[in-house]
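> What follows is the residue order along each chain.
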Amino acid sequence: MSPLSRRALLRSGGVLSLGAIVAACGDRQVSQAPGRVGNVPPVTDLPQGDVDDLALLRTASSLEFTAIEVYRIVTAAGLVDDAYMTPFERFVSDHQEHAELLSSLTTQAGGEPYTCPNPWIMDRAVAPILANVLGDEGAGIEPSDNPQRDVVNVAMAFENLAGASYQALVGQLAEPELRRDLMLIAVDEVRHASVIAMIRTGTPKAYVGPQLVGAAAGAEQAEAEAGTGAEAGGGAEAESESEVGAGAGAGAEEDGLALPFVLQSRFGSLGALIVMLGKADEAGGRFSATLETPAANSIIYESMSC
Amino acid sequence: MNTHQPVLSVGRAAPATTPPSQPDTGAPTGADAESLQFMLGAELAARDLYRAAHAEGAATPVPDLIVVLADNHGAYADSLAAIIGESANEAADAAVFDERLADFETTDVPALADAAYQLESQLVVTHVQLVGELRNRDAAELLASILISEARHCAILADLSGNGNDLEALLENPAEPLSSPVSSDTATTATGS
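First to last, the sequence lines map onto chains P and L.
Read the first sequence against my numbering and you will find it ends at 306, with the numbers running on by one and no gaps.
Read the second sequence against my numbering and you will find it ends at 1193, with the numbers running on by one and no gaps.
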């Protein structure tokens, strides 16, 4: 056998052996589905159901019960500073009213009200968040270095999430009148978040985020330069630089976490909300959770019950 | 406007979804267009009122706060004009502007904040009402994104007007909607818009 043919044989055998190994290790036929490497548990299908107004109303209810549950847990754990106690009590009362309204709307639409927290959000967001605030010895997670701070940031994030979720549902609801009902609730949620930001960051600093202050200063500078000549433009430039610098520096506090502001964008944002919390590691990094408006995984379909 | 839609991260999509019964997208027409035109005029009036306040020289504790609020309303007006299309009439609503101008032309910051709070509150409830009347989904989504920010304006202005310790003032909105020339009956029965 020539070297060439021996190599060809080895190559052939190698391919066969690799194929045999893959076959021996796997318990399924090769799938045409993309995106999986190795053996994984079978994919769990989502519940079957339509994403109609009924499902969206039930999902909205689940958000209210999620918020109520988060406030209940952190209050019971004694993690709410005195400054927030009265506002948080009011917020819980508002969320209960919202939940009642949504249950009523669900019934009117011919459905069964959903009166529990959203299981997806509880499992994927609330549970890990609380583990990093309270600590979880079994999972090797230490308690936060400042749980009261984290509780405030979490409350702020969930209020903003609720407001953004209702905003997002406007584009999905078929019945226009329901859009109005949900946006009335959304207004409450963003004002809850505003109150939290004002207490947390302090006023007037909390009013406007550095991005918007910087944009206003920049626009004013450009207008001055374009409209009134070099002298006025120079004056505006000097003023703007100090304001932009102050705004940019105002975005973070000493522990590296961003301070919240009432107004951080011109329009209501539907982007993912990231909340950072827990004890910092050696590199200064902290646990972060991403909160998103309802999607297929977090919809409460008609077939689901508490 | 941020139009991010979350994507699935785990699992399979549900096989069937029910699209909204009316696909009303694209340029608004009929009663929808009239309502949006009214809000465009109101937003321009709000922008101009803040500009008048800024020109008066009221010294707010946050530099540029009035400019930020003016810019925001200008951006809302731009978005409304864009969605209305080429028929948009970009003139401030004279009634909204004239009725409030004297209250905005002041250097008394709490008084200015109170006047602005009243205006923002009215804008919010008017937008909320229209969100429930518009047949055009794109327009409803735009108004929703505007009113969310205007509700935040209200909280800021409630505090600035001296009501920062009053939870009711910070959270409640007892305002009446601005008077729209389009009645709700006309708006809810509009078709093809």
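In short, the hints are calculated from the structure, not lab data.
Just so it is clear, CB atoms sit at the ideal spot from N, CA and C, and this is done for glycine as well.
Mixed in with the good hints there might be a few duds.
To be verified - Now the stretches of chain P that chain L is said to cover, found in silico as 3 or more residues with beta-carbon under 8 Å:
| # | stretch |
| --- | --- |
| 1 | 146-153 |
| 2 | 204-211 |
What the hints assert, rightly or not - Restricting the straight-line Cα-Cα distance to at most 25 Å, the calculated cross-link-like pairs of lysine to any residue (SDA-like) are:
| # | chain 1 | residue 1 | chain 2 | residue 2 |
| --- | --- | --- | --- | --- |
| 3 | P | K279 | P | G256 |
| 4 | P | K279 | P | F267 |
| 5 | P | K205 | L | A1058 |
| 6 | P | K279 | P | G135 |
| 7 | P | K205 | L | G1085 |
| 8 | P | K205 | L | R1051 |
| 9 | P | K205 | L | A1095 |
| 10 | P | K205 | L | E1168 |
| 11 | P | K205 | L | A1092 |
| 12 | P | K205 | L | D1166 |
| 13 | P | K279 | P | L101 |
> Any hints from earlier that this structure breaks? Give me their numbers in increasing order, please.
Hints 1, 4, 7, 9, 11, 13 not satisfied by this model.
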